[in-house]
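From first to last, the protein sequence lines stand for chains S and R. Per our numbering, the first sequence starts with residue 1, numbered consecutively. Per our numbering, the second sequence starts with residue 1, numbered consecutively.
Possibly wrong hints are sitting among the right ones.
[Said to hold, decoys possible] Here are a few chain R residues that face chain S, going by a calculated C-beta distance under 10 Å: (1) Ser-5; (2) Trp-35; (3) Ser-43; (4) Met-47; (5) Thr-49; (6) Gly-53; (7) Lys-64; (8) Thr-82; (9) Ser-83; (10) Ile-93; (11) Glu-106; (12) Gln-107; (13) Gly-110.
[Unchecked claim] A partial selection of chain R residues facing chain S, derived with a Cβ cut-off under 10 Å: (14) His-7; (15) Val-11; (16) Ile-12; (17) Cys-13; (18) Glu-59; (19) Phe-108.
Just so you know, the hints here were simulated from the structure itself, not pulled from any lab data. Heads up, the beta-carbon is just placed ideally off N, CA and C, and yes, glycines get one too.
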Amino acid sequence: AQSVTQPDIHITVSEGASLELRCNYSYGATPYLFWYVQSPGQGLQLLLKYFSGDTLVQGIKGFEAEFKRSQSSFNLRKPSVHWSDAAEYFCAVGSPSGGGADGLTFGKGTHLIIQP
Amino acid sequence: GAVVSQHPSWVICKSGTSVKIECRSLDFQATTMFWYRQFPKQSLMLMATSNEGSKATYEQGVEKDKFLINHASLTLSTLTVTSAHPEDSSFYICSASTYGDRAYNEQFFGPGTRLTVL
Chain S
1 AQSVTQPDIH ITVSEGASLE LRCNYSYGAT PYLFWYVQSP GQGLQLLLKY FSGDTLVQGI
61 KGFEAEFKRS QSSFNLRKPS VHWSDAAEYF CAVGSPSGGG ADGLTFGKGT HLIIQP
Chain R
1 GAVVSQHPSW VICKSGTSVK IECRSLDFQA TTMFWYRQFP KQSLMLMATS NEGSKATYEQ
61 GVEKDKFLIN HASLTLSTLT VTSAHPEDSS FYICSASTYG DRAYNEQFFG PGTRLTVL
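Can you make the complete structure from the sequences, with help from the hints?
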């Protein structure tokens with residue numbers, strides 16, 4: 001069975017500092033990988049996704065993530081965070097064979113706090 | 001584009017009553033809709049997958065008689081929590097995707113519905 005681990009429940013970062021959120025997955029092959037952000041009262045918003053190809057993926061809002069097959073990781077990064085980045089971040093995996101017909105498996109989320 | 005709405009955004013009901021939550025794709029036709037449940041400070045757990053015009057497929061451990069899912073049209077899916085109890089209190093989130101010529105069809109998520117059962 002596939003699973004996603006986000007080791008950090010909370011992370012506090014100063015505004016303007018760099019950010020890295022960790023995500024490790026367990027899957028039989030290379031899954032499709034996603035990062036979502038959830039703000040209060042908002043739906044999950046897709047930040048970026050990895051299907052294949054270049055292992056460094058650029059997303060919206062200045063985020064990027066790097067797929068490392070050897071470490072089964074897909075960590076999310078941002079060089080300089082803004083106060084508006086404070087939110088809950090979820091890593092998720094999907095099955096390539098499902099073509100999108102299967103639901104996603106989510107990690108437990110990392111709550112990002114931005115200090116002024 | 002690709003907006004998914006849910007109604008209501010929050011609902012409070014008495015134990016033993018039933019509650020219906022609607023999920024609508026506003027600007028696309030959703031051939032597949034998914035229902036997730038999110039406990040406080042927890043991850044989203046997939047409850048069921050529904051394809052338009054067919055019965056929903058439930059994940060292991062999800063009671064199909066308690067969580068009734070109907071996907072009668074390409075833009076609407078409903079989740080009915082029957083005979084709700086306090087342990088059913090949770091945040092319910094739907095997502096929708098559509099078949100296309102792409103290798104993978106992205107899910108678009110609704111804002112969620114907060115259910116509180118007294």
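Hint check: 10 Å Cβ-Cβ cutoff, Gly-110/R to chain S: For Gly-110/R, the interface hint holds, since the closest Cβ of chain S sits about 5 Å away, which is under 10 Å.
Holds or violated: the hint that Ser-43/R contacts chain S, with Cβ atoms closer than 10 Å. Nearest chain S Cβ about 4 Å off; hint holds.
Any CB of chain S closer than 10 Å to the CB of Ser-83/R? Interface hint status for Ser-83/R: violated (25 Å vs cutoff 10 Å).
If you take the shortest Cβ to Cβ gap from Lys-64/R to chain S, is it below 10 Å? Since the shortest Cβ distance to chain S is 16 Å, the answer is violated.
Under 10 Å, Cβ to Cβ, is where Ser-5/R needs to be relative to chain S, so tell me if that hint holds or is violated. Hint on Ser-5/R: holds, closest Cβ of chain S at ~9 Å, below 10 Å.
Hint validation: Cys-13/R versus chain S, beta carbon distance must be below 10 Å. Holds or violated? violated (21 Å)
Holds or violated: the hint that His-7/R contacts chain S, with Cβ atoms closer than 10 Å. violated (13 Å)
Was the hint right that Ile-93/R lines chain S, CB cutoff 10 Å? holds (7 Å)
Phe-108/R was flagged as interface toward chain S. Is the shortest Cβ-Cβ separation under 10 Å? OK, holds: Phe-108/R within 10 Å of chain S, min 8 Å.
Just to be careful: measuring from the Cβ of Thr-82/R to every Cβ in chain S, is the smallest value less than 10 Å? violated (22 Å)
Does the closest beta carbon of chain S sit nearer than 10 Å to the beta carbon of Met-47/R? holds (9 Å)
Let me know if the C-beta of Thr-49/R comes in closer than 10 Å to any C-beta of chain S, holds or violated. holds (6 Å)
Checked against the numbered hints above, the structure breaks hints 6, 7, 8, 9, 14, 15, 16 and 17 and satisfies the rest.
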